[in-house]
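Colleague: Sequence:
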Amino acid sequence: MAIALAAAGLSVLAIPSDAAAQTRGNAQAEQGQSLRDRRPSSPALPPVGRYVADSGEGFILDRSGRHPLVRFERRDETWVLRPSAAPRGDVIYRNDAGDQVLRVTPNGGITVYTPRSPGGSPASFSGAGQSLTPPTLGPRLLFQLMAQRSYMVSQVVGRLVEVNLDGDQSEALCVEALVVTTEAVIRIARSPTARQYVSDLRSISIIEGDRAGVTYARGRLVVTVDPSEGMAGRPSSARVIRAVLPR
1 MAIALAAAGL
11 SVLAIPSDAA
21 AQTRGNAQAE
31 QGQSLRDRRP
41 SSPALPPVGR
51 YVADSGEGFI
61 LDRSGRHPLV
71 RFERRDETWV
81 LRPSAAPRGD
91 VIYRNDAGDQ
101 VLRVTPNGGI
111 TVYTPRSPGG
121 SPASFSGAGQ
131 SLTPPTLGPR
141 LLFQLMAQRS
151 YMVSQVVGRL
161 VEVNLDGDQS
171 EALCVEALVV
181 TTEAVIRIAR
191 SPTARQYVSD
201 LRSISIIEGD
211 RAGVTYARGR
221 LVVTVDPSEG
231 MAGRPSSARV
241 IRAVLPR
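The opening residue of the sequence shown carries number 1 in our numbering; numbering runs sequentially from there.
A portion of the hints provided could be inaccurate.
So the derived label-pair ranges between C-beta atoms look like this [said to hold, decoys possible]:
| hint | residue 1 | residue 2 | range |
| --- | --- | --- | --- |
| 1 | 89 | 197 | 40 to 46 Å |
| 2 | 85 | 151 | 42 to 48 Å |
| 3 | 105 | 82 | 16 to 22 Å |
| 4 | 219 | 109 | 44 to 50 Å |
| 5 | 218 | 64 | 37 to 43 Å |
Source of the hints: derived by calculation from the structure; they are not laboratory data. Glycine included, each C-beta is placed from N, C-alpha and C at the ideal position.
Produce the entire structure from the sequences given, and follow the hints as far as they go.
Modeller: Now the structure itself:
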């Protein structure tokens, strides 16, 4: 290595003045680029974190899996987000109904969009958060959950509503879909203007299939989950509501 450096030094001395000036210019440019590359970047955020918006709403953002997940505090639903490019290098994250949920700038700034703040509210990182990946319950707890959800829906609808779950590939995803779907039905039934559309509801079924979807006909609400897509294979409450309410 010392011999190579010495040879390089002798060759520089023999270069004519114009070439030497160009060499110095190139070296300075490379040095400047190196300094720019070493500029401190925005602090790396953890895969799972809690954020608080200026509007006062708190939420968990989980980026540890295939798709970003977000859940607002005091809510049962976890939203699966899908990114799309925006001006100035920003990224917009939407739910499966196409609603804008988050906007993230290149330096990590986050704006959250909610019914309380439809125009967007800046959010800041406030600490670590719990993973939003749904757990596996097991047969006994699963049966209890189905019975509980059937009772909750039946009470608000005013008639017996059966709850069925038929899935063997991803129990956790089916459970997540069950909670989200029943919450959506309860919201509809509690609305004075919308409850008429679930007056003939008799059963809610969660099944597995090749493509996520929701159908509602003749009193049967069927939600299909796609285990191959992970959390993205579970329809959101927004899609359930759109399937039940007339367009």
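Colleague: None of the hints should be skipped; say for each whether it holds.
Modeller: Verification of the hints:
1. 89 x 197: 40 to 46 Å: Holds - the Cβ-Cβ distance for residue 89 and residue 197, about 43 Å, lies within 40 to 46 Å.
2. 85 x 151: 42 to 48 Å: holds, 45 Å
3. 105 x 82: 16 to 22 Å: holds, 18 Å
4. 219 x 109: 44 to 50 Å: Since residue 219 and residue 109 have Cβ atoms about 47 Å apart, the given range 44 to 50 Å holds.
5. 218 x 64: 37 to 43 Å: holds, 41 Å
The structure is consistent with each of the numbered hints, conforming to all of them.
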